[in-house]
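**Student:** Okay, here's what each chain looks like letter by letter:
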Amino acid sequence: MDLPRQFESGTVSRKVVEEFERCQFVLGPPVSAFEARFARLCGTQYAIGVNSGTDAMFLSLRALGIGAGDEVITAPNSFVATAGAIVSAGATVVFADVTADYTIDPRQVETAVTSRTRAIVPVHLTGTPAEMEAIGAIAARHGLAVVEDAAQAVGANVLGRPVGSLGATGCFSLFPLKNLGVAGDGGMVTTDAADLDGTIRLLRNHGLRSRDECAVFGYNSRLDTIQAIVGDALLDSIEKVTATRLATAAFYDGALADLAPDVEVPPRRPGIKHVFHTYVVQVARRTDLIAYLSERGIETKVHYPTPIHLQPAAESLGYKRGAFPVAEQQAERIISLPVHEYLSTDDRAYVADTLHEFYRG
Amino acid sequence: MRVPYSYLKDQFADSEAILRDIKELLETSAFTLGPAVEEFERGFAKLCASRYAVGVGSGTDALFLALKAIGVGPGDEVITAPNSFIATTGAIVAAGARPVFVDVGEDFAIDPDWIEPAISPRTKALLPVHYSGCPAPMTRILPIAERHHLPIVEDACQAIDAAIDGQVTGSFGIAAGFSLHPLKNLNVWGDGGVIVTSDDDVCERLRLLRNHGLRSRDEVEIFGYNSRLDTLQAIVARHVLREAAGITDARIRNAALLDAGLGGLPGCITLPPRPANVRQVYHNYMVQARDRDRLLAYLLDHGIEAKVHYPIPIHLQKPARRLGYKPGDFPVCERQAAAILTLPVHQHLREDQLLFMIDTVQAFYSR
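Each protein sequence line maps, in turn, to chains P and R.
Going letter by letter, the first sequence gives residues 1 to 361 in the numbering used here.
Going letter by letter, the second sequence gives residues 1 to 367 in the numbering used here.
Pulled out of the complex, with its shape left as it was, chain P reads as follows (with noise of 0.2 Å):
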């Protein structure tokens, strides 16, 4: 039910054919054309093409120079990767509880500040703004870098300054299935800060100032030109991709209102753009749950059923269940609804339908 077909139009296809009268494969034109258009999307002055979202947030916190020795604040309940380049870079991630709209709880982050605090990376999850107005307070009282995660939140703003545009750095993922998704691996890192854009340029291209000369040791984490030709074609369609899933978003909000408490729709807090990268409700009887909309053809996911702390990879953190009562309670409830731009009408009433079929008999 949710098969992405953004590719089936051809457009795309004819576009990478095209790049093959030049066969810049790497850093070629089309890259710092994309780059130029999504700088313009988060209103920065810069944007820097690299492989991964994953990618983005490790080469924003080394051009920050943050590391072994430093701790970057952020939330448990994250996709992995967000810690991933926390301890990639070498810095010691510390987690800070969430609020009930999954994002970083502000309150919850003054606590963590210790004197070895170096950054806070707010997580925009599901595509919905972290509180960046009190984060940033937090930030400038601290004297600490804000990088953002808005690896789910494309198009997404606060009080209409988009996401991106908010911290040091913004980053973004490319990961196909993001809003805006391409054929493979992709990231980006939105900057209004010169220094910074011209040391992330530096670090994902081998620390290379020109092809003989390198000015730092750097990675090689570069978006493929292919990759920039597939989103730049997309971006002409994210604003309508956007509103399609913001309508789907509150179709389900009214659809769904009724099956609550078993049901709990996603908060809406005032003055901010969501962008629903996924619907995340908190539901009851959740692995029956999933069983029951899986045979009626309705695929769901859990994004994620164990918070980072709690994993394997996280032992050495020393956190314990318990610490983190908000993100532990929600991981056990929360579901993602199909809430992607090729839902039909009739698909989103049939999901709708069904989960009241499941909970009310």
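Treat the hints with care, as some may be off.
[Unchecked claim] Under the rule of at most 27 Å between Cα atoms (straight-line distance), these lysine-lysine pairs were calculated in the DSSO-like manner:
1) P/K240 x R/K23
2) R/K184 x P/K15
3) P/K15 x R/K9
4) P/K301 x P/K273
5) P/K273 x P/K178
6) R/K307 x R/K326
7) P/K15 x R/K23
8) R/K124 x R/K326
9) P/K178 x R/K23
10) R/K326 x R/K184
Calculated from the structure, these hints are not laboratory results.
With chain P held as given, fit chain R onto it using these hints.
**Tutor:** Chain R alone, transformed into the frame defined by chain P:
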């Protein structure tokens, strides 16, 4: 007459078969670690006489992840060559280890005589580079590694299908990193890399490391990275893999022709050694030239896209200063850096272009 360095438009002039497969991919959306990746990995492992191949984001990542998979990290030293592309050293630094350089031989590879003096209690691995497609002298390096219980990670990024006594590069060390960058012998349409190994544990670790450390969708076993060969690129790689033998043979033939024409200029052009038991694959055709800079300018003026890989060795680059190296530390490498020159040798060159290059070089020296 022009002799271009890049040839991708020629190589991919007829890409209908590849594009058909990609169009199919665009419709099935199996963009991440789809079936084509596994198919390519199987074929590549076979080419490298190894049990496993793991497709990753780039040759750089291939080296980096291989080092991580064998436990290299902060406090460790890795011995390698100072004349490689910067990424070899970048991968060691990215792993948190300290690069330790040793001088090279006339084959542009690590000189085995210099390895043992460079070994310290902190040495964790050897990273020999099969530079320009010429295998490093593994028969002499292996016993040294064994004696000191040091694993070898091969930088085979420029050396797909190369061999010593019929044994292919990639099959000598515990793991080997290869690059699928567009200008490599086996190339894709963007960044790509692949690691080969025959070690079960290393393979398993690599599969975790390249994919966020995920044991399954919901279980994070270790913190990892995002470094996967795109399904789209694996489709390209699968097609090009079929041509691998032909590409290698063509480059070997072209190199032989260049050798014949340039070999008769003693004191002007010095060819690297060509031992009969070594299959070099000519990712780059590199010679040493007297008056290199003027020759380079002359060639460029005459439409021949010659290059230098690379004029400034890694130990003399800015970020290596903190490692304490200075001019004079690696005299062979430094001497070569002032003399090396790369001529196009790719499989799409015509004989008249090869002869033109020979004539032009000869003309330069007889002025």
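**Student:** Decide, hint by hint, whether the structure agrees.
**Tutor:** To see whether the hints hold, each was checked on the structure:
{"no.": "1", "hint": "P/K240 x R/K23", "verdict": "holds, 24 Å"}
{"no.": "2", "hint": "R/K184 x P/K15", "verdict": "holds, 24 Å"}
{"no.": "3", "hint": "P/K15 x R/K9", "verdict": "holds, 16 Å"}
{"no.": "4", "hint": "P/K301 x P/K273", "verdict": "holds, 23 Å"}
{"no.": "5", "hint": "P/K273 x P/K178", "verdict": "holds, 17 Å"}
{"no.": "6", "hint": "R/K307 x R/K326", "verdict": "holds, 25 Å"}
{"no.": "7", "hint": "P/K15 x R/K23", "verdict": "holds, 12 Å"}
{"no.": "8", "hint": "R/K124 x R/K326", "verdict": "holds, 24 Å"}
{"no.": "9", "hint": "P/K178 x R/K23", "verdict": "holds, 20 Å"}
{"no.": "10", "hint": "R/K326 x R/K184", "verdict": "violated, 31 Å"}
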